[in-house]
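S.K.: Note that the sequence shown covers residues 978 to 1135 in this note's numbering.
A few of these clues could be false.
[What the hints assert, rightly or not] Across the chosen pairs, the derived CB separations fall in these ranges:
no., residue 1, residue 2, range
1, Ala1071, Ile1000, 14 to 24 angstroms
2, Pro1104, Gln996, 33 to 43 angstroms
3, Asp1062, Thr985, 19 to 29 angstroms
4, Gln1017, Ala1091, 32 to 42 angstroms
5, Asp1080, Ala997, 18 to 28 angstroms
6, Val994, Gly1038, 18 to 28 angstroms
7, Ala1125, Glu1009, 16 to 26 angstroms
8, Ser1069, Leu1040, 38 to 48 angstroms
9, Pro1114, Glu1009, 12 to 22 angstroms
10, Glu1009, His1077, 16 to 26 angstroms
11, Lys1037, Ile1113, 17 to 27 angstroms
12, Lys1122, Lys1003, 38 to 48 angstroms
[As the list claims (entries may be wrong)] Pairs of lysine to any residue residues, derived as SDA-like cross-links and limited to a Cα-Cα distance of at most 25 angstroms, are as follows:
no., residue 1, residue 2
13, Lys1037, Leu1098
14, Lys1094, Leu1015
15, Lys1037, Tyr1074
16, Lys1003, Ala1087
17, Lys990, Ala1035
18, Lys990, Phe1100
19, Lys1037, Ala1090
20, Lys1003, Ser1089
21, Lys1108, Tyr1074
22, Lys1003, Glu1026
23, Lys1037, Arg1084
24, Lys1049, Asn1014
25, Lys990, Asp1028
26, Lys1108, Asp1080
27, Lys1037, Asp1080
28, Lys1095, Asp1062
29, Lys1037, Ala1018
30, Lys1049, Gly1072
31, Lys1003, Lys1108
32, Lys1122, Leu1075
33, Lys1037, Pro1106
34, Lys1094, Ser1039
35, Lys1095, Leu1015
36, Lys1049, Ser1070
37, Lys1049, Leu1015
I should point out that these hints are in silico values taken from the structure, not numbers from a laboratory. Ideal Cβ placement from N, Cα and C applies to all residues, glycine included.
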Amino acid sequence: LGQTLMPTRFPIKVHRVEQADAIHFKVATSLEKAQQNLVQAQQELQWIEIDYDLTIAAAKGSLQREARGVRKDPRLYWHFSWTLDAFLGRVSSAGYYLPHPYDTFARDLAMSAASLKKILLFFRRFPDPTKLDVGIPWESYRNNKVPADGIPPKRSGA
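Let the hints inform the model, and build the full structure from the sequences given.
M.R.: Written out as structure tokens, the structure is:
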């Protein structure tokens, strides 16, 4: 009574397929979804495969812009996170969800799930990239040392 039913979202699993010198991704979902409308489910999964491939390429591109030996720019990590978060939003809008997204993305980005989780939490704390201060080291943002308003706390005794 008085409760609205949430539309059912179906889990997807992204499989990494290595062929010759290329890596492709295949997406699978539950049989329950396929039984509803097989052709539609196939088309949706094919689109998610393409989207995932482009998302991973864009995310890698964001971080490859970092020059070695130069201070890491938090805005590049923000863009990296935005890319992954936008993918999850599109998947959700299509009626699916990606269980264990940190593990899946980490596998395909060659980074640890723990590092990826910190980067994505940073993005959620700072939804506006114009509020990021490039003078504050990335490590401070990554390790949750910068308040969400972007103003570093004053040191005692200063």
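S.K.: Determine which of the earlier numbered hints do not hold for this structure and return their numbers in increasing order.
M.R.: 7, 8, 9, 14, 21, 24, 26, 29, 30, 31, 32, 35, 36 and 37
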